[in-house]
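Protein chains in written order, with the UniProt record's numbering: chain A, 1 to 119; chain B, 1 to 119.
Simulated from the structure, these hints should not be mistaken for laboratory data.
If you're wondering where the values come from, they're calculated on a predicted model, not measured in any experiment.
Think of the CB as a built atom: it goes at the ideal place given N, C-alpha and C, for glycine as much as any other residue.
There could be a bad hint or two in this list.
[What the hints assert, rightly or not] Heads up, simulated DSS-like pairs for lysine-lysine below, C-alpha to C-alpha not over 25 Å straight-line:
1. B:LYS3 <-> A:LYS91
2. A:LYS19 <-> B:LYS87
3. B:LYS55 <-> A:LYS102
4. B:LYS39 <-> A:LYS3
5. A:LYS87 <-> B:LYS102
6. B:LYS19 <-> A:LYS48
7. A:LYS87 <-> B:LYS74
8. B:LYS91 <-> A:LYS102
9. A:LYS19 <-> B:LYS74
10. A:LYS91 <-> B:LYS102
11. A:LYS102 <-> B:LYS87
12. A:LYS91 <-> A:LYS74
13. B:LYS39 <-> A:LYS91
14. B:LYS55 <-> A:LYS19
15. B:LYS3 <-> A:LYS102
16. A:LYS3 <-> B:LYS102
17. A:LYS87 <-> A:LYS66
18. B:LYS87 <-> A:LYS87
19. A:LYS3 <-> B:LYS91
20. B:LYS74 <-> A:LYS91
21. B:LYS19 <-> A:LYS19
22. A:LYS39 <-> B:LYS3
23. B:LYS19 <-> A:LYS87
24. A:LYS19 <-> B:LYS3
[As the list claims (entries may be wrong)] Interface residues of chain B toward chain A, partial, derived using beta-carbon atoms under 8 Å:
25. LYS3
26. LEU13
27. GLY17
28. THR43
29. GLN47
30. TYR68
Number of protein chains: 2
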Amino acid sequence: MQKQYNNRIEVVLEVIGGKWKAHILYHLTRGPIRTGELKRLVTGITQKMLTEQLKELEQDGLIVRKVYNQVPPKVEYTLTEYGESLKEVLKVLCDWGGDYIKFRYPNGEVTVRNGNEEL
Amino acid sequence: MQKQYNNRIEVVLEVIGGKWKAHILYHLTRGPIRTGELKRLVTGITQKMLTEQLKELEQDGLIVRKVYNQVPPKVEYTLTEYGESLKEVLKVLCDWGGDYIKFRYPNGEVTVRNGNEEL
DNA sequence: TAACATAGGCACGAAAAAGTACCTATAGAA
DNA sequence: TTCTATAGGTACTTTTTCGTGCCTATGTTA
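Given these sequences and hints, build the entire structure.
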């Protein structure tokens, strides 16, 4: 069956949407990173969800999975060149999201971890 | 219980994410619009999902619901001033989404309705 | 009088997404 | 020999999201 999107926004949302991808991508924008470190940084994610999401990002052509042939295993994930182009999109989303939080919750009732970091 | 986001991207995704909001917002960016017209434009949406999503967008401060006191009822939805600020975000998402489709499916295996309209 | 147009509500069921628990492989260190 | 570190896999359950079907209100029109 042939996929048909209603508009181009849906395309992006399918790629970066869901409960974990934004958080994962957030860390990937800072450079190559090992599985275990991601697991530590992405608070609350399980092994299953992490590998599942990474696999999807890889299939979508946004990241590359590099396996070092050693024991214990070492696997590193990196944004592809195309994945790099997401950075500016994420930047725009971050900016709007930050402003929105201030607009909706001016007294800090809702907070954002790393709310002040760049990107 | 107090909500805590992991990063500012999640904030935006919560507001414009899900199966229908992008499509609804897409049409709202073109100006005030009645419920019935939205239902016609947002292909496949049900009454229930439409009103549900509109209610959320209203609670999030992005749209305004204006009721005309007449029979049969007339209700019109409009972007708020803050909602207007979403336009540039949606524009960026559209642009990336359009490019991505070309990148991933250079032979047009996947299509986007209204893929050439502005915004 | 009966049907229509418009916007919406609600109970319930189906489907999709996410979470839990437990399993594998392997070289080296204790 | 047993335990550790690392990355990943799978069956199953729970939670969240979405869809279906049917109901309400009311002035106008046929």
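These are the hints, each one checked on the structure:
1. For the suggested pair B:LYS3 and A:LYS91, the alpha carbons sit about 22 Å apart, so the restraint of at most 25 Å is met.
2. Distance hint between A:LYS19 and B:LYS87 is fulfilled; the C-alpha atoms sit about 24 Å from each other, no more than 25 Å.
3. For the proposed pair B:LYS55 and A:LYS102, the alpha carbon gap of about 21 Å is at most 25 Å, so the pair holds.
4. With a CA separation close to 22 Å, the supplied pair B:LYS39 and A:LYS3 stays within the 25 Å bound.
5. Proximity of A:LYS87 to B:LYS102 is assessed by CA-CA distance (about 18 Å); at most 25 Å being required, the pair is judged to hold.
6. A distance of roughly 24 Å separates the Cα atoms of B:LYS19 and A:LYS48; the hinted pair therefore holds under the 25 Å criterion.
7. Only pairs whose Cα atoms come within 25 Å are accepted, and A:LYS87 paired with B:LYS74 is rejected, the gap being roughly 43 Å.
8. Between the alpha carbons of B:LYS91 and A:LYS102 the distance comes to roughly 22 Å, so the proposed pair stays at or under 25 Å and holds.
9. At most 25 Å may separate the alpha-carbon atoms for a hinted pair to count; A:LYS19 and B:LYS74 exceed this at roughly 37 Å.
10. Restraint check for A:LYS91 and B:LYS102: satisfied, since their Cα atoms lie roughly 22 Å apart, inside the 25 Å limit.
11. Simply put, A:LYS102 and B:LYS87 have alpha-carbon atoms about 18 Å apart, close enough for the 25 Å limit, and the pair holds.
12. Restraint check for A:LYS91 and A:LYS74: the C-alpha separation of about 30 Å exceeds 25 Å, so the hint is violated.
13. Only pairs whose Cα atoms come within 25 Å are accepted, and B:LYS39 paired with A:LYS91 is rejected, the gap being roughly 33 Å.
14. Taken as a hint, the B:LYS55 and A:LYS19 pair is honoured in the structure, with Cα atoms around 22 Å apart against an allowance of 25 Å.
15. A hinted pair counts as satisfied when its Cα atoms are at most 25 Å apart, and B:LYS3 with A:LYS102 qualifies at roughly 14 Å.
16. Among the hinted pairs, A:LYS3 with B:LYS102 is consistent with the structure: their alpha-carbon atoms are about 14 Å apart, no more than 25 Å.
17. Using a Cα cut-off of 25 Å, the hinted pair A:LYS87 and A:LYS66 holds, with the two alpha carbons roughly 21 Å apart.
18. Between B:LYS87 and A:LYS87 the CA atoms are separated by roughly 19 Å; this keeps the pair inside 25 Å, and the hint holds.
19. A C-alpha spacing of about 22 Å is found between A:LYS3 and B:LYS91, which places the hinted pair at or below 25 Å, so the restraint holds.
20. A threshold of 25 Å between alpha carbons decides the hint, and for B:LYS74 with A:LYS91 the separation of about 39 Å lies outside it, so the pair is violated.
21. At roughly 14 Å between alpha-carbon atoms, B:LYS19 and A:LYS19 fall within 25 Å of each other, so this suggested pair holds.
22. Among the hinted pairs, A:LYS39 with B:LYS3 is consistent with the structure: their alpha-carbon atoms are about 21 Å apart, no more than 25 Å.
23. Proximity of B:LYS19 to A:LYS87 is assessed by CA-CA distance (about 24 Å); at most 25 Å being required, the pair is judged to hold.
24. For the given pair, A:LYS19 sits about 14 Å from B:LYS3 by alpha-carbon distance, which is consistent with the 25 Å threshold.
25. Interface restraint check: B:LYS3 against chain A, minimum CB-CB distance 5 Å, threshold 8 Å, status holds.
26. A cut of 8 Å between beta carbons decides the hint on B:LEU13: the least distance to chain A is about 6 Å, and the hint holds.
27. Checking B:GLY17 against chain A by beta carbon gives a least distance of about 6 Å; that is within 8 Å, so the hint holds.
28. Contact between B:THR43 and chain A, as hinted, is supported at the beta carbon level, the nearest pair being about 7 Å apart and thus within 8 Å.
29. Violation of the interface hint for B:GLN47 is found here, the shortest Cβ-Cβ separation to chain A being roughly 18 Å, above the 8 Å cut-off.
30. Hint on B:TYR68 is violated. Least Cβ distance to chain A is approximately 28 Å, over the 8 Å limit.
Violated hints, in rising order: 7, 9, 12, 13, 20, 29, 30; the structure is consistent with all others.
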